[in-house]
Amino acid sequence: MPKRHNEITYIETRLAKTLRQAEHSSGECDRASHEGLADLYRSQLAELRKNLTMPNRALI
1 MPKRHNEITY IETRLAKTLR QAEHSSGECD RASHEGLADL YRSQLAELRK
51 NLTMPNRALI
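Each residue of the sequence shown is one higher than the one before, counting from 1 in full-length UniProt numbering.
All clues stand as given, with none of them false.
Quick list of in silico lysine-lysine cross-link-like pairs, DSS-like style, CA-CA up to 30 Å:
1) K3 - K50
2) K3 - K17
3) K17 - K50
If you are wondering where the hints come from, they were derived from the structure by calculation, not from laboratory data.
Produce the complete structure using the sequences and hints provided.
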């Protein structure tokens, strides 16, 4: 499995765990912190997925 696929799998796992933590958070600050981290993971996933669909310029 290519390195990027491993990164995507890892970040998807972290995102799922972070969302579960946000659901079970008791305070607003904790929930906001987890939701902010989830947003970061979503941005990283979007960037990695975008890079997967783009051709590798080194190979062209």
